[in-house]
Amino acid sequence: MSDVVEKTLTALPSLLSLDSQPGSAKLSSTSKLGNLIRGITELTSKHEEEKLIQRELTSIKDQVSSPNTSMRQMKELMVRAIYCEMLGYEASFSYIHAIKLAQQGSVLDKRVGYLAVSLFLNESHELLLLLVNTVLKDLQSTNLIEVCMALTVVSQMFPKDMIPAILPLVEDKLNHPKEIIRRKAVLALYKFYLIAPNQVQHIHNKFRKALCDKDPGVMTASLHIYLQLIKENSEGYKDLTASFVTILKQVVGGKLPMDFNYHSVPAPWLQIQLLRILSLLGKNDQSTSEIMYEVLDESLRRAEMNHNITYAILYECVKCIYTIQPKSELLEKAAKCIGNFVLSPKINLKYLGLKALTYVVQQDPKLALQHQMTIIECLDHPDLIIKRETLELLFRITNGQNVTVIVEKMLDFLRISKDDYTTIDLVGKVAELAEKYAPDNEWFIETMNTVFSLGGDMMQPDIPNSFLKLLSEGFDSDEEDRKLRLFAVDSYVSLLQSEPNKLPQRFLQVISWVLGEYSHLSAELEPATVMTLLSKLLDLKHTSSETKSWVLMAMTKLCEGGVAISVAQDIYETHSSSMDTVLRQRAQELQHLSQDSELRGRVLPRDAGLMPLEVDSSLSFLDGFVSEALAAGAAPYKPPHQRQEELAQAKALSLEPYSLSLPISMSSCSIADRQSPTLMSMSSGLSGDSTDLSHKGGSTTLKLDGVKRVWGREGYLAQREPVEETAQVEVPSPLRSPSQQAEADSTQSQTPTPTVTPELEQDKQQLASSLFVGLGSQSSVCLMGKSDPTPQRFRRKAQGRASSSGASEKTPTSLGSTPSPVDNLLCNSLLDSNLVSEPTNQTPQASQSLDTTNGNCHEELTDVKENNPSLIHNNEEPDKPKDLCLSSHLPTELSGLSHSEITPLCSNQSVNLSACHVQKEDSLQLVIFIFNSSDSALQQMQLQVDSGELKLSLITDSPVEEVRSHSVAVCHYSVTVKRPSVHVEVLGMLSYQLPGGTPQTIQFSHKLPLTTFIRPLTLSTEEYGSMWLAFSQDTKQNLTLINDDQDPLTTTLNVLKKKLQLHVVEIIGVEGIVACQLVQDQPCLMHCRVHAGTLAVWLRSPVPDLPDCLLYHCQRALQEH
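Here the sequence shown is numbered in this note's numbering, starting from 1 and rising by one per residue.
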């Protein structure tokens, strides 16, 4: 350890220029940084380290604040502060001094200052604004080093809001005479494209110029941009295929300077980048693929050195050959390369070969036959990574003939695996294979039981949900349905009778649901017996509250007969006083329904899964809930593409609490674009290539900077039909030079070969015949991810489609995803008055004689003891003549204007409240009608309205204090938006008193969509451009493009113009600009571009949350069209 410390201390002065004297090679024994490092290495506990670092930080803080500190001393203090921050201790006091050092020091001082800033600050830090002028000045400097430092900082940490300020200067650096400047400028533009692609759309031609730069470094830097562009839209860059092929030929031919060689391999990372680009360009394109054949052949031939970097090139070559349109000669050579990898005694190369084979087997399944014995040996390999990748390969070649053997191998591996990710991944794969290729009912149920037992509570919730949905929907044969459900019931009863305390919670939930739904199918099984078994689960210590709710719901379906009712009564007495409100409600349901069999038959009918239920797939009924949650500070859902964009900006590790980790934004709350998960396996795509997306903390008090949180590999690549060729079970000849072959032979001769007995060899042959059955002929191949030529065993019944709007779909009513009638029933009659929530359907007894409103109102129920009326909705339609009558009471200044429909708010025996709004060009007018339906006058009346998002100004001359019998009073308000929200809400309370009575109050709420406040904003293109640069609040999203015979962009913008009152400023080609404003001068600008069949929208505004809210309404408007 001491040697490492000394080497570090020796290197630091030269790296950071702490000592300007030429002869100083080591930190002196009196150096403060050297003393700090030595002192830390000598400590024996974390507590001592904290005390030492705190003393050091106090000393640094005193010195940086002193006016007598020189620049040389400040530089040394910054290095010590960097070291403290690297250890995880906050030194925020030094951030501003690091910026000053970058601004005021010499070139060497600037280097340390910029280094400290890049480590201290993140892209969202408020102090970063102070660095903008310094970067602008350094970008215009004639000093080469200063320009390089500025470009480096720009590419590392500048946020998208600051890009417009420095973009012109970075563009100019593409023409700089020095190649290092041009290279750093290209990398900075690449960063800009990742975080704000629309801001660099106009300089794509300059990217092409960088691709043709005479310096190989600049050309290499430009490939990063082109790889990203081609991933998004390969069709637009087909014309560059010949250029990329020419570049690769020159690289493979050794035309680049020797500086680009790595272990005598010419520019290997450049070759890998070019191969990835060519694979994207040649995919499903015969003419483009033919251009690549020659250079791919040359790459395979020259990459024959025995070194890790050449293996990486060969791997990319193989992937490229199998991705583009096939050529038989190249496929043969690629197969030989895979053989070299798979047969290698080195673990890393064997893993690489298995990974390549996993990818290739989707195009050429017969290739697995050539290496079947090697794959069998890998199943017993001591390295767990090799075994896991082998199982991934077997997952790809699974069909109906080998599924039992492969699933058995996966389950064996699951029993010994201790890695959570591996468990979750394999559990999903086994469940997918079991559902698709199960040979019989018994095997399917037993396999899923093992999956639930081994997966435990870590498995994805899609797995039990899909299993229950499969049982509920049934298959093509009613007899098969009955047999499967009956076997599941018998299996689960046996499990509960043995050791239920060892079963995971999710498995217990599945068991409870199945027994509750289908235990009546077993003639030998009494409901009381099942209820007794289920009641034992409630007494287990490890049973969670959620599982107990499932158990109680199952018991509710089974409470028939005297014994069952007595058990239900005991359960009710135990859980009716539970602290968990859900358990209390379920216990109430159990007790009530067990005593009323007729009601239970209506609420919980048997075979309810056979009755289709129309479900709003867009979940529009949750719009109000989502709006309220977001207004209360809840974090919005972020779709994958938005998380990818945020991930590109994330570079620092946040140690702040999770509650501060996300800004309140509604850009991703697209009710219209929600999708439900369909995959059960975490990596059901191509082998092991997933990206862990995490969001970035919003706090600026960070302790660790510069920690990348991006991990993973390439994404999913689509399959292609395999090339027809005869499978040959043979060991491929290695593609090596004679000297390498001799070396390999000598190596293998030195490696001890384990003795293989005839019995062991025979077992391997039998296992191979079981695993690879069905791969001999193309007609029987059935790979995961490809269409299955044989019928699937568990083929679900075809469900009826909803209307052409696509807003609904059929699902079984017995699943717990939608509210059951029991919930509504108990909300009406069983719960205490202080726990009543707003029901959707009311019984006639509950509504009594109260007049009701539509579902647009949310009323608060008050205590009856205070003589306040209970207000319950009936969802009755408003009376049209009454609507016309109220219209005559509109204020005089509004009588000639069109108004919205008069909406009932709430009512009781004495008063009815209604409201409407009138849209004027410069304001929104809200009118509230108070109708006295009693025979007495309402006295001491006072109406109070308030809203967190709106500003309401009373226009009525004098407040109304009394309303005569059967007359109407009007309150008139002018409304403006304080804080934008998708739906703004007005809360109100009316207090009044009847003659001789006690004071009474009635509460109401009224929601207004933000679209009622949107007005067109007429601008010229020049005014639009100047306003665009001045606005800072923005959001981006891809919207649905309306395709018709005319121009799709024009049609889409016209729809938005009509529905949202937007002003289309100008349309040029595939781009358009739109402007609007909220009343009282709150503008919002929108830039639209047609890209890859969608409408890429970018909104900007000076008002926070306004772009996100407007984007939401744009999505709804296009969906409803």
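One should not assume that every hint holds.
[Said to hold, decoys possible] Only pairs whose alpha carbons sit at most 35 Å apart, straight line, appear in this in silico DSBU-like list of lysine-lysine:
1) K418 / K469
2) K469 / K436
3) K249 / K137
4) K1058 / K1007
5) K160 / K255
6) K46 / K61
7) K137 / K46
8) K160 / K137
9) K231 / K249
10) K283 / K160
11) K214 / K333
12) K178 / K160
13) K51 / K209
14) K346 / K333
15) K638 / K283
16) K51 / K100
17) K920 / K951
18) K249 / K418
19) K638 / K978
20) K638 / K436
21) K1057 / K231
No lab work stands behind these hints: they were computed from the structure.
query = If you draw a straight line from the CA of K231 to the CA of K249, is it 35 Å or shorter?
reply = The hint holds at about 22 Å.
request  = Please work out if K46 and K61 have their alpha carbons no farther apart than 35 Å.
outcome  = 22 Å, holds
ask   = Holds or violated: K920 with K951, Cα cutoff 35 Å?
value = Measuring from Cα to Cα gives roughly 16 Å; hence the hint holds.
message = Would the hint linking K638 and K978 be met if the CA-CA limit is 35 Å?
response = 25 Å, holds
message = For K249 and K418, compute the direct alpha-carbon distance and say whether it is at most 35 Å.
response = Between K249 and K418 the Cα gap is close to 47 Å, so the pair fails against 35 Å, i.e. violated.
query = Keeping to a limit of 35 Å between CA atoms, is the pair of K137 and K46 held or broken?
reply = 44 Å, violated
key: Agreement of K346 and K333 with the hint, judged by alpha carbon distance not exceeding 35 Å   = Within the cut-off at roughly 21 Å; holds.
inquiry  = Would the hint linking K249 and K137 be met if the CA-CA limit is 35 Å?
reply    = The hint is violated at about 41 Å.
Pair hint K1057 and K231, alpha-carbon separation not exceeding 35 Å = Within the cut-off at roughly 33 Å; holds.
query = Taking only the CA atoms, is the gap from K160 to K255 under or equal to 35 Å?
reply = 38 Å, violated
inquiry  = Holds or violated: K283 and K160, Cα atoms, limit 35 Å.
reply    = 33 Å, holds
request  = Please work out if K160 and K137 have their alpha carbons no farther apart than 35 Å.
outcome  = 19 Å, holds
When each numbered hint is compared with the structure, violations occur for hints 3, 5, 7, 13 and 18.
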